[in-house]
Amino acid sequence: MRMGRRIAATLKRTAIHALPTVLGIIVLDFLLLQLMPGDAADVIASESGVATAETMAALRQRFGLDQPVLTQLVNFLSHLAQFDLGFSPRYNMSVLDMIMTRLPGTVLLMVTALSLALVLGIVVGSVMAAWAGRWPDRALSVVVLLFYSMPGFWVGLMAIVLFSVKLGWLPSDGSMTVGASLTGWAFVADRAKHLILPALALASFFIAVYARLVRASMLEVQRQDFMRTAQAKGLHPFFIQLRHALRNALIPVTTVAGMHLGNLLGGAVVVETLFGWPGMGRLALEAVLARDFSVLLGVLLLSSLLVIIANVLIDLLHAWLDPRIGAA
Amino acid sequence: MSLLAVENLTVAFPGHVAVREVSFAIEPGETLALVGESGCGKSVTAFSMMRLLPPNARVVTGRILLDGADLMAASPAEMREVRGKKISLIQQEPMTSLNPVLSIGTQIGEVIRRHEKVSRRTARARCIELLDLVSIPDAHRRIDDYPHNLSGGMRQRVMIAMAVACGPKLLIADEPTTALDVTTQAQVLDLLDDLRRRLSMAVLLITHDLGVVAQWADRINVMYAGRIVEQAAIRPFFAQPMHPYSRGLLGARVDVDADEHYSASRLSEIPGSVGSAAGEAGCPFAPRCPMVETSCRVVPPSLLAFEAGRRVACPVSLQAVTLEAARHG
Chain C
45 MRMGRRIAAT LKRTAIHALP TVLGIIVLDF LLLQLMPGDA ADVIASESGV
95 ATAETMAALR QRFGLDQPVL TQLVNFLSHL AQFDLGFSPR YNMSVLDMIM
145 TRLPGTVLLM VTALSLALVL GIVVGSVMAA WAGRWPDRAL SVVVLLFYSM
195 PGFWVGLMAI VLFSVKLGWL PSDGSMTVGA SLTGWAFVAD RAKHLILPAL
245 ALASFFIAVY ARLVRASMLE VQRQDFMRTA QAKGLHPFFI QLRHALRNAL
295 IPVTTVAGMH LGNLLGGAVV VETLFGWPGM GRLALEAVLA RDFSVLLGVL
345 LLSSLLVIIA NVLIDLLHAW LDPRIGAA
Chain X
4 MSLLAVENLT VAFPGHVAVR EVSFAIEPGE TLALVGESGC GKSVTAFSMM
54 RLLPPNARVV TGRILLDGAD LMAASPAEMR EVRGKKISLI QQEPMTSLNP
104 VLSIGTQIGE VIRRHEKVSR RTARARCIEL LDLVSIPDAH RRIDDYPHNL
154 SGGMRQRVMI AMAVACGPKL LIADEPTTAL DVTTQAQVLD LLDDLRRRLS
204 MAVLLITHDL GVVAQWADRI NVMYAGRIVE QAAIRPFFAQ PMHPYSRGLL
254 GARVDVDADE HYSASRLSEI PGSVGSAAGE AGCPFAPRCP MVETSCRVVP
304 PSLLAFEAGR RVACPVSLQA VTLEAARHG
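Heads up: the sequence lines are chains C and X, in that order.
Its first residue numbered 45, the first sequence is counted upward by one per residue in my numbering.
Its first residue numbered 4, the second sequence is counted upward by one per residue in my numbering.
Looking at chain X on its own, in the form it has when it is part of the complex:
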């Protein structure tokens, strides 16, 4: 059984639907990447897994199964037992995600004392251990520092220490390195990966950086306009991205052999951009797609299995690849 399964999740805000019928599963101990551009629903998906959506958001349908138990049906008190203990969160902006008026020791100790019945003294000792674990030098002195005393990379390490304090099974890292400079990025991601192995937890890595995905993730989910358009393991994905959007993301001009089939049916006039897809029927990527067909505009394509562990929401591309394989095989 998967550690956590998201089933058919749809989240709406007043005026628009941010996440549509998203389903995926996270296996114990793996790093799953959730990739897409800003505003495609990555963070909303992550926040709904912890039921931390903003008050104006509404979960229309969907279940979040943690070890088989539906979190959407959990009471607020049960949910508070899950947060920080079974699922924890690292946010994008380490500058603002720590409380500026509380010392980092207080903020880490808080989560330990919330979930484990330990004395203040024990909690403090654990804090120092955790700060050591995330490679903060002079942990016993740093523990009384305030967030403004620390650099961005250090703050993100503190956030990580806080997130792993109670040994969660799943760590949601929402663009953990976007706000950091490149050298710090690699250190923080190395640290996350190291902790994942040592604490045997799963990581949901939300990012828009495919370089990060290639290096640190086991599997990838590509999101576009609130939908998952491709699910794959890392190697096959980078060897052959299947959804037209994935190809666009990779920046690869996919040089499919000049096939009459595509060029004949390609529409020359394609109105709209990312935003305009919202009101239209059919595939949300259709207005920007180089290989769009009339059938794409009828109903949004659902995820179709291609091979084991690989699904793609583009029948056109799937057919083309299958034909290709048949021709070569």
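Bound-form chain C, shown alone:
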């Protein structure tokens, strides 16, 4: 199948790019982190209140922090080659285990937020384009402008005030009801309820971006000759918009969505902190505060992998939407 070949070509191309990218990210991150003042031994010592020069030296020796920077880097990379992300001195846990407990939460939040942003953005943008210049377009433009100009954490705070505090509809904290051992639909519903507000806070800005983009590109597509060809076939206008216009209009949207994935992950740090969501963003913040570099490097590595995987998915979507891309 033609489609299969196109997808295989895209996968191959991305895989070739991905490996050096990840390696570069890791080395750069490692060197940048060396510039931060203080290390894990300092933090542990300051938290315990009393520490002698000897105990600190012992701590550093145990964590391998007394080694030269290059030796540390080589150690880290050789462990990495065996899929070993190292050990967190602070939590006394394998870094991989720590991240794996947090990864599903972040992936769930990111995928939900991005899907929400794409779906709502496309629907709102299409509605705006269909009624361009008339009142539905104008009303939605105002809403979109608000979402565009308000930072995600503020949208999140206001959503907590409205939906959690005033109305009491949705929970404001955590990713599930603690202690309630739910199963089946009740479990899914509980998770979904906890997910709505953080996902919305994370997605709000992107909903606005995609809505504006879809509106502009839908209006652009209307002027194309093939739209008149489709009309001349006697097709229903709704069908024409869906099949002929939207598909072309989505090409710029997927391009931009691919670039937004990194931003989305960055935004997740703030939103996860705000909603007490147990994800990698919050783990990264905790690791920075504790100077727990092995955890931080693990988080950064996994984040970059996540962005690369998501980019591959976007590339595949792109190749599916636009046959001209895979051929290149």
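If you are wondering where the hints come from, they were derived from the structure by calculation, not from laboratory data.
The structure displayed is predicted, hence computed values, not measured ones.
Treat each hint with caution, since some may be false.
Stated by the list, open to error - Pairwise CB distance ranges, derived in the manner of DEER restraints: (1) C:Pro180 / X:Arg66: 33 to 39 Å; (2) C:Ile60 / X:Gln218: 54 to 60 Å; (3) X:His19 / C:Leu55: 32 to 38 Å; (4) C:Gly310 / X:His19: 51 to 57 Å; (5) X:Ala128 / C:Arg368: 24 to 30 Å; (6) X:His19 / C:Ser159: 45 to 51 Å; (7) X:Gln218 / C:Leu55: 49 to 55 Å; (8) C:Ala176 / X:Gln322: 49 to 55 Å; (9) C:Arg178 / X:Thr297: 56 to 62 Å.
To be verified - Only part of the chain C face toward chain X is listed, based on derived beta-carbon distances under 8 Å: (10) Gly48; (11) Asp269; (12) Leu279; (13) His362; (14) Leu365; (15) Arg368.
Every residue, glycine too, gets a C-beta built ideally from N, C-alpha and C.
Fit chain X to the known structure of chain C by using the hints.
For chain X alone, kept in the frame of chain C given last:
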């Protein structure tokens, strides 16, 4: 009864009138050419026949009668039944008139499945037949190609396959070969002519190329500034174009016998060009006309019958030709 009759069609855009009081008829099975320079209203006339005008255009007056039924009064749903089934359209630019993200099989199959209740499999088989019909080699492999895999001539063939898929009675070809190179042009026009005969459909051929008209059309309508200025069968038209604009189009310096009547009344100072005729009363061609008279500037001349099947919107020229004929006869 004519297959399709356009009666007194006037189409306006904000700020200008693109088509003024145009009337013509297309007979079943014939090729009617609509000729004129860019911006004279040819395409607008064609698009209004399918009610596919851009949203800012407005049909001021006029009826489009297809088998006696007025399309201007048809509901959107009725109109969708006509489009693609009874009247279909080939556009000028094959590079942009096919959707770049859908395979050509999908795009042809779409029109078949819209108008005929057939299965996906049958529609696909019909697509392959149609691609064969328009002489695309390896049709069964080409069907999954995308427009960017095809050359301009091939794309126009795909457009033709799409247009004839449901056996329309009228095919509107809006400058179908303008974007193609000369050798491809002849092939595409031959194909159109062959299909016209085989499928017994009428073709409205819109063009500015009189060479194309001479070779492939049965009758000609010449448009100037939104009006039809001459209607004729092909042979008499090329033997003796009557409207001054037609003569200009043919590039023929018509050597009318030095007649005192013309030279005496010719105005020496003629301001304006094509565009400036819009605001003036009288014949739109008057500012450029070599044989203009004062009477030309009063009211726009309507089409006057000259002989059977021949009408011209120029009383001055008509009179001259009649006088000429009388003198020789």
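message: Could you work out which of the previously given hints the structure breaks and list their numbers from low to high?
response: The structure breaks hints 3, 9, 10, 13; every other hint is satisfied.
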